[in-house]
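Could you build the full structure based on these sequences and the hints that come with them?
There are 2 protein chains.
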Amino acid sequence: MNIKRTGGRKTGQHPDHSSVKLLSSMEAAISVLVSQFKAFAGKDGSSDTLSRDEFQSLVVSQLPNLVKNASDPAAIDKLMGSLDENSDGELTFPEFWQLIGALASQQGGFSK
Amino acid sequence: MNIKRTGGRKTGQHPDHSSVKLLSSMEAAISVLVSQFKAFAGKDGSSDTLSRDEFQSLVVSQLPNLVKNASDPAAIDKLMGSLDENSDGELTFPEFWQLIGALASQQGGFSK
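Just so you know, the protein sequences line up as chains A and B, in that order. Residue numbering for the first sequence follows full-length UniProt numbering, beginning at 1 and increasing consecutively. Residue numbering for the second sequence follows full-length UniProt numbering, beginning at 1 and increasing consecutively.
In case anyone wonders, no lab produced these hints; they're calculated from the structure. Treat the numbers as computed from the prediction; the structure is a model and nothing was measured. Careful, some of the hints might be misleading.
To be verified - Label pairs and their computed distance ranges (CB to CB):
| hint | chain 1 | residue 1 | chain 2 | residue 2 | range |
| --- | --- | --- | --- | --- | --- |
| 1 | B | Asn-69 | A | Ser-71 | 42 to 52 Å |
| 2 | B | Gly-45 | A | Arg-52 | 38 to 48 Å |
| 3 | A | Ser-25 | B | Asp-77 | 18 to 28 Å |
| 4 | A | Ser-25 | B | Gly-45 | 22 to 32 Å |
| 5 | B | Ser-87 | A | Ser-57 | 39 to 49 Å |
| 6 | B | Asn-69 | A | Ser-87 | 36 to 46 Å |
| 7 | A | Lys-68 | B | Arg-52 | 16 to 26 Å |
Glycine included, each C-beta is placed from N, C-alpha and C at the ideal position.
Shown next as structure tokens:
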């Protein structure tokens with residue numbers, strides 16, 4: 001896939017320092033989703049994956065309008081179970097991304 | 001999956017009219033991605049899918065920092081081909097969502 005390697009390079013490190021990147025609304029939205037995932041994933045242990053408790057606090061605080069019964073532990077266990085493909089008790093970003101895709105499809109009326 | 005059916009219900013239709021929903025930053029980001037997809041998909045024909053030209057104008061205007069050679073028709077054809085699972089020349093939302101997931105993984109440093 002033809003993707004630019006922006007990776008972790010900070011704008012300040014850019015040679016000519018003047019190229020502050022203007023993000024489009026879509027790029028800004030992608031950046032919010034990534035930074036929020038990292039903020040919750042970084043609470044304990046690896047900041048690349050969400051533990052069950054990190055997942056619940058993310059859902060309760062960041063997806064209150066889109067996920068039903070977010071504060072019900074059993075609902076969270078069920079939702080996490082449906083996403084945790086390798087059943088290691090942790091959600092990787094791609095596993096988490098499935099949930100965001102389903103919520104987005106739902107919101108857009110694409111999942112009939 | 002335990003998802004609230006917000007679907008197309010307008011806030012105004014809510015019985016007690018006072019419940020203007022406060023969206024979290026993640027919910028707002030999801031909503032931007034959905035509305036931008038619809039804005040470009042709605043230009044011609046079905047507003048549920050992106051034609052090749054709609055896809056190119058979306059990438060050029062909304063993903064300029066994340067997708068290389070966005071204005072190169074051959075690069076767009078190649079990128080679209082990698083996403084268009086059923087090769088019908090149109091991108092559904094789930095097919096498009098793969099690209100956003102790859103860009104997000106790339107930005108988060110999750111795709112090593």
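Task: Structure-inconsistent hints, enumerated in ascending order - done: Violated hint: only 7; rest satisfied.
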